[in-house]
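Got chain A sorted already, so can you dock chain B onto it with the hints?
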Amino acid sequence: AQKVTQAQTEISVVEKEDVTLDCVYETRDTTYYLFWYKQPPSGELVFLIRRNSFDEQNEISGRYSWNFQKSTSSFNFTITASQVVDSAVYFCALSEASHSNYQLIWGAGTKLIIKP
Amino acid sequence: EAEVAQSPRYKITEKSQAVAFWCDPISGHATLYWYRQILGQGPELLVQFQDESVVDDSQLPKDRFSAERLKGVDSTLKIQPAELGDSAMYLCASSLVTGHSYEQYFGPGTRLTVT
Numbered sequence: 001a002q003k004v005t006q007a008q009t010e011i012s013v014v015e016k017e018d019v020t021l022d023c024v025y026e027t028r029d030t031t032y033y034l035f036w037y038k039q040p041p042s043g044e045l046v047f048l049i050r051r052n053s054f055d056e057q058n059e060i061s062g063r064y065s066w067n068f069q070k071s072t073s074s075f076n077f078t079i080t081a082s083q084v085v086d087s088a089v090y091f092c093a094l095s096e097a098s099h100s101n102y103q104l105i106w107g108a109g110t111k112l113i114i115k116p
Numbered sequence: 001e002a003e004v005a006q007s008p009r010y011k012i013t014e015k016s017q018a019v020a021f022w023c024d025p026i027s028g029h030a031t032l033y034w035y036r037q038i039l040g041q042g043p044e045l046l047v048q049f050q051d052e053s054v055v056d057d058s059q060l061p062k063d064r065f066s067a068e069r070l071k072g073v074d075s076t077l078k079i080q081p082a083e084l085g086d087s088a089m090y091l092c093a094s095s096l097v098t099g100h101s102y103e104q105y106f107g108p109g110t111r112l113t114v115t
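Order-wise, the sequence lines are chains A and B. Mind the numbering: the first sequence is residues 1 to 116 in the numbering used here, read in order. Mind the numbering: the second sequence is residues 1 to 115 in the numbering used here, read in order.
The hints are simulated quantities; they were obtained by calculation from the structure and are not laboratory data. Worth double-checking, as some hints may not be accurate.
[To be verified] A few chain B residues that face chain A, going by a derived Cβ cut-off under 7 Å, partial list only:
1. P43
2. Q48
3. V54
4. D57
5. M89
6. E103
7. F106
8. P108
9. G109
None of these values were measured; they are calculated from a predicted model. Each residue gets a CB set at the ideal place from its N, CA and C atoms; glycine is no exception.
Pulled out of the complex, with its shape left as it was, chain B reads as follows:
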């Protein structure tokens, strides 16, 4: 069964350092999402791609976060510099197309700890 791949699964970094996460969506899925999830809360959308284009990054803290999906397949989310408040689970999801009838499939996530 096709899955969304993410790496690394765990990351510990010191504040002010740079950190990057990678996501490979299910093959053929045009829409890719990056979420941040703080313990005890639901996921918060950071950025949404349709193919290689950003369709929504309104919740992305653009002073320190950046995301790209250069060839419309895999994607990278970067934080520079990391802050203590960035400690969270970062989830990647993909769906066949953008549309409210299409379910999103999630990867295993990257648990980030900033010290």
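Pulled out of the complex, with its shape left as it was, chain A reads as follows:
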């Protein structure tokens, strides 16, 4: 069963619009970590954020913000005032304490297209 769901396969917006990428996860662990990675066309996966299950505070980093809600098992990512350079595939991932070797469980990714 898929444990990380990114239901949006592709999103296309015009530059300067705000956009939210959804991530829903499933786990029975009480201790777990959630991650977001960005993969631009060059192919390298870039780490964006890590959030542990005990910290539900929202986080803001420049134009990026993350909303973690345990009640809905969601960890959504919002880009404010999007720019063309934000165009990439974004992956959400989960790491469970009970999972052997703490491996990452990846979502299928959301392709974000920012049009000038």
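Chain B in isolation, oriented as in the chain A frame:
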């Protein structure tokens, strides 16, 4: 800023040939991962090393794939013989230690095309 190095960046090979990829993790990172990523999908873990030891290779097709990290630093992933279905991006990542709180840092990847 420290980075994970990989080479080559691109590789075209004919099926049945051997191919090898190299990865140098961030200095001091004990855990090294090899992933395969097919276009339009998330990464799939092939093998995970803790220092020089393999801790998980359950998804590695061992009839044709092999991986080593002899001195616990850099690593090589080999495919022999390559098949058409092996065409993919091969990503290397490293983390400070093995643990679910530690983020993985990725290299630029090797894009393999098998003809």
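Hint-by-hint comparison with the structure:
Here the hint on P43/B is kept, as its CB sits about 6 Å from the closest CB of chain A, short of 7 Å. Hint on Q48/B holds. Least Cβ distance to chain A is approximately 6 Å, under the 7 Å limit. The beta carbon of V54/B is not positioned within 7 Å of any beta carbon in chain A (closest approach about 11 Å), and the interface hint is therefore violated. Among the interface hints, the one on D57/B is violated; its C-beta lies about 11 Å from the nearest C-beta in chain A, farther than the 7 Å criterion.
Contact between M89/B and chain A, as hinted, is supported at the beta carbon level, the nearest pair being about 6 Å apart and thus within 7 Å. Taking 7 Å as the C-beta contact cut-off toward chain A, the hint placing E103/B at the interface holds, the least distance being around 5 Å. Hint on F106/B holds. Least Cβ distance to chain A is approximately 4 Å, under the 7 Å limit. Hint status for P108/B relative to chain A: holds, with the closest Cβ pair at about 5 Å, below 7 Å.
The restraint placing G109/B at the interface with chain A holds, with a minimum CB-CB distance near 5 Å, inside the 7 Å limit.
The structure is inconsistent with the numbered hints 3, 4, although it conforms to all the rest.
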